[in-house]
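Residue numbers (my numbering), protein chains in the order written: chain L, 1 to 348; chain C, 1 to 348; chain E, 1 to 348.
There may be inaccurate statements among the hints.
Just so you know, same-sequence chains aren't split out, so a pair can sit in one copy or run between any two.
Cross-link-like lysine-lysine pairs, in silico, PhoX-like; alpha carbons within 25 Å at most [to be verified]:
{"#": "1", "residue 1": "57", "residue 2": "203"}
{"#": "2", "residue 1": "203", "residue 2": "327"}
{"#": "3", "residue 1": "113", "residue 2": "244"}
{"#": "4", "residue 1": "327", "residue 2": "148"}
{"#": "5", "residue 1": "148", "residue 2": "2"}
{"#": "6", "residue 1": "148", "residue 2": "57"}
{"#": "7", "residue 1": "244", "residue 2": "203"}
{"#": "8", "residue 1": "57", "residue 2": "2"}
{"#": "9", "residue 1": "113", "residue 2": "203"}
{"#": "10", "residue 1": "327", "residue 2": "57"}
{"#": "11", "residue 1": "203", "residue 2": "2"}
{"#": "12", "residue 1": "148", "residue 2": "113"}
{"#": "13", "residue 1": "244", "residue 2": "2"}
No wet-lab data here; the hints were simulated from the structure.
Here is what each chain is made of, one letter per residue.
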Amino acid sequence: MKTNTGRFFEDFTLGETIRHATPRTLTVGDQALYTALYGSRFAVASSEHFAQAIGYKRAPLDDLLVFHTVFGKTVPDVSLNAVANLGYAEGRFLAPAYPGDTLWSISEVIGLKESSNGETGVVYVRTTGFNQNGERVLSYCRWVLVRKRDGASPAPEPHVPTLADAVQASEIARHAPPLTIDSYDFDLAGSADRFSDYETGEKIDHVDAMTVEEAEHQLATRLYQNTARVHFDGMAAAQGRFGKRLIYGGHVISLARALSFNGLANAFTVAAINSGRHVAPLFAGDTVSAWSEVLETCPLVGRDDIGALRLRTVATKNRACADFPFKDGDRYAEGVILDLDYWVLMPR
Amino acid sequence: MKTNTGRFFEDFTLGETIRHATPRTLTVGDQALYTALYGSRFAVASSEHFAQAIGYKRAPLDDLLVFHTVFGKTVPDVSLNAVANLGYAEGRFLAPAYPGDTLWSISEVIGLKESSNGETGVVYVRTTGFNQNGERVLSYCRWVLVRKRDGASPAPEPHVPTLADAVQASEIARHAPPLTIDSYDFDLAGSADRFSDYETGEKIDHVDAMTVEEAEHQLATRLYQNTARVHFDGMAAAQGRFGKRLIYGGHVISLARALSFNGLANAFTVAAINSGRHVAPLFAGDTVSAWSEVLETCPLVGRDDIGALRLRTVATKNRACADFPFKDGDRYAEGVILDLDYWVLMPR
Amino acid sequence: MKTNTGRFFEDFTLGETIRHATPRTLTVGDQALYTALYGSRFAVASSEHFAQAIGYKRAPLDDLLVFHTVFGKTVPDVSLNAVANLGYAEGRFLAPAYPGDTLWSISEVIGLKESSNGETGVVYVRTTGFNQNGERVLSYCRWVLVRKRDGASPAPEPHVPTLADAVQASEIARHAPPLTIDSYDFDLAGSADRFSDYETGEKIDHVDAMTVEEAEHQLATRLYQNTARVHFDGMAAAQGRFGKRLIYGGHVISLARALSFNGLANAFTVAAINSGRHVAPLFAGDTVSAWSEVLETCPLVGRDDIGALRLRTVATKNRACADFPFKDGDRYAEGVILDLDYWVLMPR
């Protein structure tokens, strides 16, 4: 069989390492497309001049463009037969990636647990993205619910990995880029609000909203070489669970991050993803809004120039965020589609 | 309040200067997207080889990509609460911009006039775009009708600036790039018609037409980091004046310029914008056509290689331009959406 | 008349050479857009590192991006008044093209044959694409059915050129790039199947499928500066033969090639196009699938590192390819839109 129809639950072995195809050189062309897809305005990825002024070699690629590229490579090997993408944890951005860098990735199977119905199982992987020099640029865990090829095949010994609730501040300090923040220009960055202006518990409605078109999410998802059929095949989707194409969850993360500029303009880089959950699916024609809560403010050891904010950014569809919709009791509120817990860096 | 909800009329002071976020490095990636969005074929921005042959350092960025980028930065500070974009004047392209250049912009408030209803006011700004070396690449005036925060707040002393009807030919001559036009290849540029072949009063139907999709204008407008909500938020737009998303007026200008290639192929660069008026709104699904009239032909002092044509380009929606639709009496004709008066340079 | 309304059948002379506008510098920006439009994953165009490891100067532009760019230039001169694009033959990729290369093209009229109805005629051209150094990068023949300006004008002496059924393997060997295939990494390329694993007569269903949106094919076709009105003008199209915009045939070829990755991952470059036929039109909203048959496997003289596979790739709309739809008797089967016969190179 020359065609890849994807791995089923039985095809994963605890501890195995999968080296993914296809390496991808990201360029200024990819960064331009990323800007056109989300309208991101964080100054460091937008301006060579701004980035160099504060100590970057040049304008780095948007953190989430790096995430989606590394993620996209894992799809043919990990999630082609996934029923659901259950969550992310321990995501750490380890080094900036720059236009011209070639990214590739590997995944280690760190957990397996068959579902009680015997039809599916949860696969846990830790994926690491590298550049052309073999330096790690990103590491994260995700777990997905994958179909079994054959309901009758025996269940593996269950193994559920212990994953941290949040990436430690010490980890973030270790991987934060060396910067010369005294050259950071708050006017040009778009806001006077810095690290010390944010407080734990503070909530920010990001006000703006974007309606998503089929062409947009398809262009994005192909840019990341993510091949999951549910995003592209309208004919099959018409027969499927939703009756239409499903938008790649990462597209929602990028929309939410871009919307969050309005209120978090100086959150110039994403340092870590503590946990992420795609609460409900997004479809073309839906309008995405977002709000954020400051979960924690954390000075970084050895850094008097920058601090880390731990944020929860919630994205909704077809619902404005002035009332900060999140949960009704135990359940996510109507319209919530993303619950993302992550660390950003901000000048002090 | 960390979220920018935009300035209201009361927030502008005559003579103040606003330094806008976010600087933006434009690259070959942005130029490629610009080509994909409009299909522009003017040889100088299309070919490194052609551009260098006639004396450019390399292929410059499309003039209107520069305009939209400089303009986009002003939106969060100037027109987030605009009811209407009323007009442009005194637009001058002062130096070519190249891939790799970082653009940023400032605006000076040069006029204020409250409306008689006390609900809105006209704000006049002169915006200047700079590159990373602080060189001016573009300057233009625009005036917008902006909502007041509070109808009861006192009106400022009215001040309406005097704006030139058209940029002077001497200004254009001063900023025209030094070129070696004898190496200009008319075959490769797509037409044998040069400066001396055009006559005042001549009208040209550009024949071609383009239907605009939501995904296209959204990609364009985000590429320019223009954040005006009316272009993106379909949910809010459904409740608004038009019931749907409004297309950024600059998108129409770029479509008209790209369509004008067919008939003006050697108009290799835009030198100035004398005035521009968005006569009616454009929406996704509409088809844009264009025609041009030569308003003036002007040799440039000290330049025997190039001349300037002053053009009126009129764009329409859902109406072909074989009959050169413009005005019916005092009013713009049905279907007219853009009335643009500008100078282009052409080999003599 | 300054506007180009295109040549009619009477305007072509046997043996004449047309030098086309507009030269086009293709960059990493265009390559990024190409990836976003099709999701192509062939390793050589995807990764600088991979390409250099096997002997390319750097990551070459996708072969079909080169094809579409060279083709696009011919449209204003050859096919603006075409009723149908009838076929391709003798397509040969002669040298890799790289980001930064400037492509331009010429066409020689190699055949003319008026139709029996006296209303149209077939024009045969051989188009050659060059880079900025005058090196040939691509050559192909195509023939189109073009309207006559005047049914009464006399028919030219009919001349139908003799075109090869397929490009010879010796031709392919001569133009195959020198490579160091021992550094080819099959894991990173996405499949262990190499030249020797494919057999004549083997059929491969590429499984995946993509639904095409108006914005996507318009972006693509403008990227190639292909100006054929049928692809863009929805207002005119509503009155036309199909009642809607027609998708550029080359868009289908690129979709089919990208889909073919799943089953042909190591077919790292297209060497030649033997024949191509657009069997039926594609419209926005249709879903494209594809399958391939191995027509011939051919070791290349003097090359023990790579071999050539001759493939037929068939694309369909709104029909899956598990049953390999092709012909029902003499006629193409329902849903077939493309019949493409071409050579690819693969490591042995």
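So, going through the hints one by one against the coordinates:
With identical chains, the CA atoms of residue 57 and residue 203 are never at most 25 Å apart, being 34 Å at best within one copy and 49 Å at best between copies. Proximity of residue 203 and residue 327 under a CA criterion of 25 Å is satisfied intra-copy only: 15 Å inside one chain copy versus 52 Å between copies. Taking the closest pair of Cα atoms, residue 113 and residue 244 never come within 25 Å of each other, the shortest separation being 30 Å inside a single copy and 48 Å across copies. Taking the closest pair of Cα atoms, residue 327 and residue 148 never come within 25 Å of each other, the shortest separation being 33 Å inside a single copy and 36 Å across copies.
In this assembly of identical chains, the alpha carbons of residue 148 and residue 2 lie at most 25 Å apart only when taken from the same copy (20 Å versus 49 Å across copies). Taking identical chains as interchangeable, the C-alpha atoms of residue 148 and residue 57 are never at most 25 Å apart, the minima being 47 Å within one chain and 44 Å between chains. Neither within a single protomer nor between protomers do residue 244 and residue 203 lie at most 25 Å apart by alpha-carbon distance, with minima of 34 Å and 30 Å respectively. Proximity of residue 57 and residue 2 under a CA criterion of 25 Å is satisfied in neither setting, with 43 Å inside one chain copy and 30 Å between copies.
Taking identical chains as interchangeable, the C-alpha atoms of residue 113 and residue 203 are never at most 25 Å apart, the minima being 37 Å within one chain and 37 Å between chains. In this assembly of identical chains, the alpha carbons of residue 327 and residue 57 never lie at most 25 Å apart, being 42 Å within a copy and 55 Å across copies at closest. In this homomeric assembly, residue 203 and residue 2 come within 25 Å of each other (Cα to Cα) only across copies, at 10 Å, whereas the closest approach inside a single copy is 52 Å. Taking the shortest alpha-carbon separations for residue 148 and residue 113, only the intra-copy value of 12 Å comes in at or below 25 Å, while the best inter-copy value is 60 Å.
Taking the shortest alpha-carbon separations for residue 244 and residue 2, neither the intra-copy value of 28 Å nor the inter-copy value of 38 Å comes in at or below 25 Å.
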